[in-house]
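Here the protein sequences come in this chain order: A and B.
At position 119 of the first sequence the residue is numbered 119 (the numbering used here), and the sequence of numbers has no breaks.
At position 149 of the second sequence the residue is numbered 149 (the numbering used here), and the sequence of numbers has no breaks.
Hints are supplied without guarantee of correctness; some may be wrong.
[To be verified] Computed Cβ-Cβ distance ranges for the label pairs, DEER-style:
{"#": "1", "chain 1": "B", "residue 1": "90", "chain 2": "A", "residue 2": "57", "range": "26 to 36 Å"}
{"#": "2", "chain 1": "B", "residue 1": "46", "chain 2": "A", "residue 2": "137", "range": "45 to 55 Å"}
{"#": "3", "chain 1": "B", "residue 1": "162", "chain 2": "A", "residue 2": "24", "range": "42 to 52 Å"}
{"#": "4", "chain 1": "B", "residue 1": "61", "chain 2": "A", "residue 2": "16", "range": "35 to 45 Å"}
{"#": "5", "chain 1": "B", "residue 1": "97", "chain 2": "A", "residue 2": "38", "range": "30 to 40 Å"}
{"#": "6", "chain 1": "B", "residue 1": "126", "chain 2": "A", "residue 2": "39", "range": "11 to 21 Å"}
{"#": "7", "chain 1": "A", "residue 1": "32", "chain 2": "B", "residue 2": "84", "range": "55 to 65 Å"}
{"#": "8", "chain 1": "B", "residue 1": "97", "chain 2": "A", "residue 2": "24", "range": "36 to 46 Å"}
{"#": "9", "chain 1": "B", "residue 1": "90", "chain 2": "A", "residue 2": "49", "range": "54 to 64 Å"}
{"#": "10", "chain 1": "B", "residue 1": "130", "chain 2": "A", "residue 2": "136", "range": "14 to 24 Å"}
To be clear, the hints were calculated from the coordinates, so they are not data collected in a lab.
Note that the structure is a prediction, hence the values are computed from the model and not measured.
From the three backbone atoms N, C-alpha and C, an ideal C-beta is built for every residue, glycine too.
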Amino acid sequence: MAFREKMVWGSTATTVVIWGWYFFGFVSALEAPVFNVGAEVGKFIFAVVALTVVQVVLAIGLALSSPRDARAPADDRDREFALVAYRAAFVTLSTLIATLTVVAPLTMATAPAWLGGRPMDLVPIVISNALLLSLVIAELVRSATVLFLYRRGS
Amino acid sequence: MMTDTSDMSAAEAGAEAGTPYREKSAWVAVAGMVVGYGGYFAVIATLPPQIIGGDPPGMVLKLFALLTVATIVRLLIMGAGTLAIRASSPADARAPADERDRAIAGRSAAIAYYVMMTGMVLVGMVMPFTARGWAITNAALFAIVVAELARYGTIIAAYRRGWHG
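For reference, chain A alone in the conformation it holds in the complex (with noise of 0.2 Å):
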């Protein structure tokens, strides 16, 4: 498996994890009677500070078992890879966020509603959240996408 591949892969997995953990953490509070902000904050900063770690972590261990594939330079069909994920990450992206600017007022309007009596300070917080989905799922295409095209070898 080429090197590039391999770190993909890595990246992948990291992102489903802890991406994940984060996640279903954040639905789960959501739906407990007391939505606690701070820990929410508390546990998106550890994400994010766990998933730099995990990675950096990953591609030093990547490079130190195959050093001559680490310092190699990216050779046109990564170029090519690279850029055909790039363009279906763009797609994603732009798609899911132009969902929410359309659905983001209509949460607005409708929160009062599905908030049950708990703050409006939520729905920020929840469009905050979809929009970090959304940066996730773009993220992943891009890697699905780059995998996609290794595996076929083209």
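Following the hints, put chain B in place on chain A, whose structure we already have.
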């Protein structure tokens, strides 16, 4: 004097005769974005901060209607512009994208992706602590517009300056 086009891409060959189709298409898209969403943000800029920063009753539907009008204007400009440039250069419009076109499209999308990511980090992770209501929605929309303009701007610059993506 004859021009040797044997090692030119279709876009370069098209550029010999005039503006490449894909560059014209990018200009049309820029015009649609600037007129449609420029108009939207110009109206928004005239509204008092307490309206944009809060959620006064009834404003949601009005702003939503304004956004819909801006999107329709954008789509109308893009549709009419695309039809016009297709009519003026039908052969270019039918030509499939070559390697350079694909590289330029990929590079521009990569730049736009990072612009949008940066915008979303600001909108999604900073603004909730400093802003409320429509301000967040408008900032997200603004990030999309800036990212799209970065994409089309890169495409136009690439064709005009002879970049290869």
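Residue 46 (chain B) versus residue 137 (chain A) beta-carbon gap, inside 45 to 55 Å or not: Since the Cβ atoms of residue 46 (chain B) and residue 137 (chain A) sit about 35 Å apart, the hinted range of 45 to 55 Å is violated.
Residue 90 (chain B) paired with residue 57 (chain A), Cβ distance criterion 26 to 36 Å: Because 56 Å falls outside the window, the suggested range is violated.
Cβ distance range 42 to 52 Å for residue 162 (chain B) and residue 24 (chain A), holds or violated: Given a distance of about 50 Å, which is inside 42 to 52 Å, the answer is holds.
Cβ distance range 36 to 46 Å for residue 97 (chain B) and residue 24 (chain A), holds or violated: About 41 Å separates the Cβ atoms of residue 97 (chain B) and residue 24 (chain A), which means 36 to 46 Å holds.
Assessment of proposed distance window 11 to 21 Å (beta carbons of residue 126 (chain B), residue 39 (chain A)): Hint holds: Cβ distance 20 Å, inside 11 to 21 Å.
Verdict for residue 61 (chain B), residue 16 (chain A) (Cβ pair) under range 35 to 45 Å: Roughly 38 Å apart at Cβ, these two residues keep to the hinted range, so it holds.
Residue 32 (chain A) paired with residue 84 (chain B), Cβ distance criterion 55 to 65 Å: For residue 32 (chain A) and residue 84 (chain B) the Cβ distance comes to about 56 Å; the hint holds.
Range agreement (Cβ of residue 38 (chain A) with Cβ of residue 97 (chain B), hint 30 to 40 Å): 51 Å, violated
Residue 90 (chain B) versus residue 49 (chain A) beta-carbon gap, inside 54 to 64 Å or not: 56 Å, holds
Satisfaction of the hinted span 14 to 24 Å by the C-beta atoms belonging to residue 130 (chain B) and residue 136 (chain A): The hint (14 to 24 Å, Cβ to Cβ) holds, given that residue 130 (chain B) and residue 136 (chain A) are roughly 23 Å apart.
Of the hints listed earlier, those the structure fails to meet are numbers 1, 2, 5, in rising order.
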